[in-house]
Amino acid sequence: TTPVRGSAFIPGSRSAFTSTRTDHTHPNWLSVALAFGTSAFLWALLFKQHSTDVHEYRVRNGLQ
1 TTPVRGSAFI PGSRSAFTST RTDHTHPNWL SVALAFGTSA FLWALLFKQH STDVHEYRVR
61 NGLQ
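FYI, in the numbering used here the residues of the sequence shown are 1 to 64.
Honestly, the hints are just simulated from the structure, not real lab data. Since this is a predicted model, take the numbers as computed values, not measurements. The reader is advised that the hints may include incorrect statements.
What follows is a list of derived Cβ distance ranges for each label pair [as the list claims (entries may be wrong)]: (1) Phe47 <-> Pro27: 27 to 37 Å; (2) Thr25 <-> Arg60: 33 to 43 Å; (3) Gly62 <-> Ala16: 54 to 64 Å; (4) Gly62 <-> Ala33: 44 to 54 Å; (5) Val54 <-> Pro27: 32 to 42 Å; (6) Arg58 <-> Phe17: 53 to 63 Å; (7) Gln64 <-> His24: 46 to 56 Å; (8) His55 <-> Val32: 27 to 37 Å.
Every residue gets a Cβ at the ideal spot worked out from N, C-alpha and C, and that includes glycine.
Whenever a hint applies, use it, and build me the whole structure from the sequences.
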């Protein structure tokens, strides 16, 4: 079927709005776990880098 001329529907396009509301009673646990896991990983990486930097600072300045 061919779309009607002047129709707002264009095949393959994506709408910026969804037709249904998000169901907050059933969260997407995979996305939640991925978000928290990524955040925890980045914080651990930050703390590790900070410890390395502090150790290097102390060695360079003869504090250790």
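Checked hints:
| no. | hint | result |
| --- | --- | --- |
| 1 | Phe47 <-> Pro27: 27 to 37 Å | holds, 28 Å |
| 2 | Thr25 <-> Arg60: 33 to 43 Å | violated, 55 Å |
| 3 | Gly62 <-> Ala16: 54 to 64 Å | holds, 59 Å |
| 4 | Gly62 <-> Ala33: 44 to 54 Å | holds, 45 Å |
| 5 | Val54 <-> Pro27: 32 to 42 Å | holds, 38 Å |
| 6 | Arg58 <-> Phe17: 53 to 63 Å | holds, 55 Å |
| 7 | Gln64 <-> His24: 46 to 56 Å | holds, 52 Å |
| 8 | His55 <-> Val32: 27 to 37 Å | holds, 35 Å |
In summary, the one numbered hint that this structure violates is 2.
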